[in-house]
Amino acid sequence: MNKRLKRLGALVAGILLFAASSMMVSAETGYTYTYDYWGDVQYSPDAYRVVGVYTAVEMGLEKKLSFPEGLFVHEDMVYICDTGNNRIVELRWTGEEKLEVKRIIEEFKGNVEKRTFASPTDIAVTDDGYLYICDKNNERILKLDMDLNYVMEFTKPGDANFDQSMSFLPNKLTVDSAGRVYCVAVNVNKGLVKYEADGEFSGFVGATPVTYDWQDYIWKKFATKEQRAQMESFVPTEYDNLYMDHEGFIYAVTTNVSAADLDSGDADPIRKLNLMGNNILIQNGNWTVIGDLYWGEAGGYKGPSLMTDVTAFDNDVYVGLDKVRGRLFAYDDQGRMLYAFGGSGNMDGCFRQPAAIDHMGHELLVLDSLDSSVTVFTPTEFGSLIFQAIEQFQAGDYAGSGETWKKVMALNGNYDLAYIGIGRSLVRQKEYREAMDYFELKFDDDNYSRAFKQYRKEWVEDHIVWIFLLVFAVLVLPLGVGKVRKIKNEIDTADIFRQ
Amino acid sequence: MVTALKKKETYSHYLATLKFSLYCITHPLDGFWDLTHEKRGSLAAANTILILTLVCRIMKLQFTSFIFLQVYWEGINIFLYLASILFPLALWCLGNWGLTTLFDGKGTLKQVYMATCYGMTPYPLLQFPLILFSNMVTVDEAAFYIVLSSFSVLWAAVLIVSAMMEIHEYTMKKTILFTIGSLLAMLIMVFILLLFFSMISQGIAYFVSLFREIMFRM
Numbered sequence: 001m002n003k004r005l006k007r008l009g010a011l012v013a014g015i016l017l018f019a020a021s022s023m024m025v026s027a028e029t030g031y032t033y034t035y036d037y038w039g040d041v042q043y044s045p046d047a048y049r050v051v052g053v054y055t056a057v058e059m060g061l062e063k064k065l066s067f068p069e070g071l072f073v074h075e076d077m078v079y080i081c082d083t084g085n086n087r088i089v090e091l092r093w094t095g096e097e098k099l100e101v102k103r104i105i106e107e108f109k110g111n112v113e114k115r116t117f118a119s120p121t122d123i124a125v126t127d128d129g130y131l132y133i134c135d136k137n138n139e140r141i142l143k144l145d146m147d148l149n150y151v152m153e154f155t156k157p158g159d160a161n162f163d164q165s166m167s168f169l170p171n172k173l174t175v176d177s178a179g180r181v182y183c184v185a186v187n188v189n190k191g192l193v194k195y196e197a198d199g200e201f202s203g204f205v206g207a208t209p210v211t212y213d214w215q216d217y218i219w220k221k222f223a224t225k226e227q228r229a230q231m232e233s234f235v236p237t238e239y240d241n242l243y244m245d246h247e248g249f250i251y252a253v254t255t256n257v258s259a260a261d262l263d264s265g266d267a268d269p270i271r272k273l274n275l276m277g278n279n280i281l282i283q284n285g286n287w288t289v290i291g292d293l294y295w296g297e298a299g300g301y302k303g304p305s306l307m308t309d310v311t312a313f314d315n316d317v318y319v320g321l322d323k324v325r326g327r328l329f330a331y332d333d334q335g336r337m338l339y340a341f342g343g344s345g346n347m348d349g350c351f352r353q354p355a356a357i358d359h360m361g362h363e364l365l366v367l368d369s370l371d372s373s374v375t376v377f378t379p380t381e382f383g384s385l386i387f388q389a390i391e392q393f394q395a396g397d398y399a400g401s402g403e404t405w406k407k408v409m410a411l412n413g414n415y416d417l418a419y420i421g422i423g424r425s426l427v428r429q430k431e432y433r434e435a436m437d438y439f440e441l442k443f444d445d446d447n448y449s450r451a452f453k454q455y456r457k458e459w460v461e462d463h464i465v466w467i468f469l470l471v472f473a474v475l476v477l478p479l480g481v482g483k484v485r486k487i488k489n490e491i492d493t494a495d496i497f498r499q
Numbered sequence: 500m501v502t503a504l505k506k507k508e509t510y511s512h513y514l515a516t517l518k519f520s521l522y523c524i525t526h527p528l529d530g531f532w533d534l535t536h537e538k539r540g541s542l543a544a545a546n547t548i549l550i551l552t553l554v555c556r557i558m559k560l561q562f563t564s565f566i567f568l569q570v571y572w573e574g575i576n577i578f579l580y581l582a583s584i585l586f587p588l589a590l591w592c593l594g595n596w597g598l599t600t601l602f603d604g605k606g607t608l609k610q611v612y613m614a615t616c617y618g619m620t621p622y623p624l625l626q627f628p629l630i631l632f633s634n635m636v637t638v639d640e641a642a643f644y645i646v647l648s649s650f651s652v653l654w655a656a657v658l659i660v661s662a663m664m665e666i667h668e669y670t671m672k673k674t675i676l677f678t679i680g681s682l683l684a685m686l687i688m689v690f691i692l693l694l695f696f697s698m699i700s701q702g703i704a705y706f707v708s709l710f711r712e713i714m715f716r717m
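Line order of the protein sequences matches chains W and R. With the first letter of the first sequence counted as 1, position 116 gets the number 116 in the working numbering; the numbers rise by one all the way through. With the first letter of the second sequence counted as 1, position 184 gets the number 683 in the working numbering; the numbers rise by one all the way through.
Since the hints were derived computationally from the structure, they do not count as laboratory data. Hints may contain errors.
Each computed EDC-like pair below joins lysine to aspartate or glutamate, with the alpha-carbon atoms no more than 20 Å apart [unchecked claim]: (1) 559/R x 445/W; (2) 442/W x 333/W; (3) 453/W x 603/R; (4) 559/R x 333/W; (5) 102/W x 147/W.
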């Protein structure tokens, strides 16, 4: 009996061990991951989950979508540029996780020759109720009002800066609050094409500034005049897509980057442009904002992540969409990666040819042009907590932010930003000693030094008496003793006492 | 040996030779001359300095503030880490001795080793306090640490060069020439060792596969 029990016990233990080991194996891979300080992949609980994948069937469209390229979200309205069918589909996101067709825009009214679209590739909707549409093959950007009346159009710039022999093919656009239009046009490599609200072309914005280093300088010294002319520094900038955030800054992405530049940190695949067109994206993370750090050649994919679109939340978290491996990379306002997820394939949450991304509140929408579908993601508890912690910190609720980061840490102990977040909130609460421990765990030397400086100051102030006593004991006392001895010696050997 | 350990003079001699390293680092030319010619150094003291250097290296890993030294503990092999000092040291001693002995160098292998170890004294001497110091500074004050830290290595290097000059009774020019020569000799030894290892491993692999083939056919 006893023996049997033992055998049973061993069997149960064996099964448990096996189950545990198989669980460990499943923890080795995952859908969502982050990079730690060392650049090691740390799998993470999912930050986003798929609400649904919406194709023409789910939307209730009679005609299937054909190679849609443009996606725009305005409040609860979703606009899809059905490029292959020359139409725009206007949908509404209902509370019951459904995309409901509101209208299908195939033509518009107004006193203009062509009242249909030819390969519309992007759309933007402004708060004052105008639709801006990239009517690509008609070589124009249309401005329509909500009732589809023609208002005006932006056409090929007549300026000498624009090569007149080229056709003008607007591909992507965004509109600022003053009605200025920024557009990415095919074959334009000087940056974004900018129009004033009255339709006048006012130049290019956001070209890569020309930099040169000592190697170029030496080469130029030895080159002939003809060679120098050929080396004329011009860094072409071909943007792929753009997004205007709530403050009016333009996030622009480019896939025109080389692997070597990404490796050395010289390339900026995601940029945040200010009004002057300068890149003001903050990169304070352990790694630059380039998507995947390791590009392994497997499964038919190779090379670096290529960002094809970007969207930015109101809390300055931005998400880049990688078209190579169908992944989404979220970064916070300091350029530290929050998480990456996604993949290539037919599964929900994976993509075949992701083309555009946008957000609605904290939900993410991704348009897949080959699959002709929109995937809607919603944050999980883990993802929501991260957003909550970031927003609380931005709002000045440092104690609350620390508590939220602690909840994040409870869900994922390998999440570096949680430790740093807790530390930062502790610094604000003047708990410097404890904050230092959190920063040290995740190698955050800047924050550590900030906390340590305060801690050191407090420590010195508290122990100033002891420090003085110690200095006194080490320096002044021996001096004094020496002096006394010398005097004593002088007295002992003085002539008057000599007998 | 045991009787020597019982004598009091053994310890006082050891302490005197160890203390002499402090004289050497401030008066290198005079000190290293006396080290061998006046027998004021000892192998025991040299070994002590080497061990202190090794201990210092390891303690640095553990106790230096992470601002200056981030340790990827998963990638640390303590023996390899120690070999990163011991192996170049052995190569240096052999290379230097082998070369100088052909060109009128007066130093023996033992003396080269002893003088090199004495020359390393500034490293533990400065690095131990620096470990403490590193925990008292912020990134803004990192320059102090970096300057002191590189100074200790530079000082040791200057000492080792001047030690070679004194024990081999060379001129300055000749010393610099043979220092470069010794470094080249180290490179050549590494190259030959690598060649040797890969040849041997291929040779072994050949016989292993031959044996397997025979076993397979039987």
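Each hint tested on the structure:
Restraint check: the Cα-Cα separation between residue 559/R and residue 445/W comes to about 18 Å, which is no more than 20 Å; the hinted pair holds. Distance restraint check for residue 442/W and residue 333/W: the Cα-Cα separation of roughly 19 Å lies within the 20 Å cut-off, and the hinted pair is therefore satisfied. Of the supplied pair hints, the one linking residue 453/W and residue 603/R is violated, its CA atoms being roughly 57 Å apart against a limit of 20 Å. For a cut-off of 20 Å, the pair hint linking residue 559/R to residue 333/W is broken: about 35 Å separates their Cα positions.
Between residue 102/W and residue 147/W the CA atoms are separated by roughly 13 Å; this keeps the pair inside 20 Å, and the hint holds.
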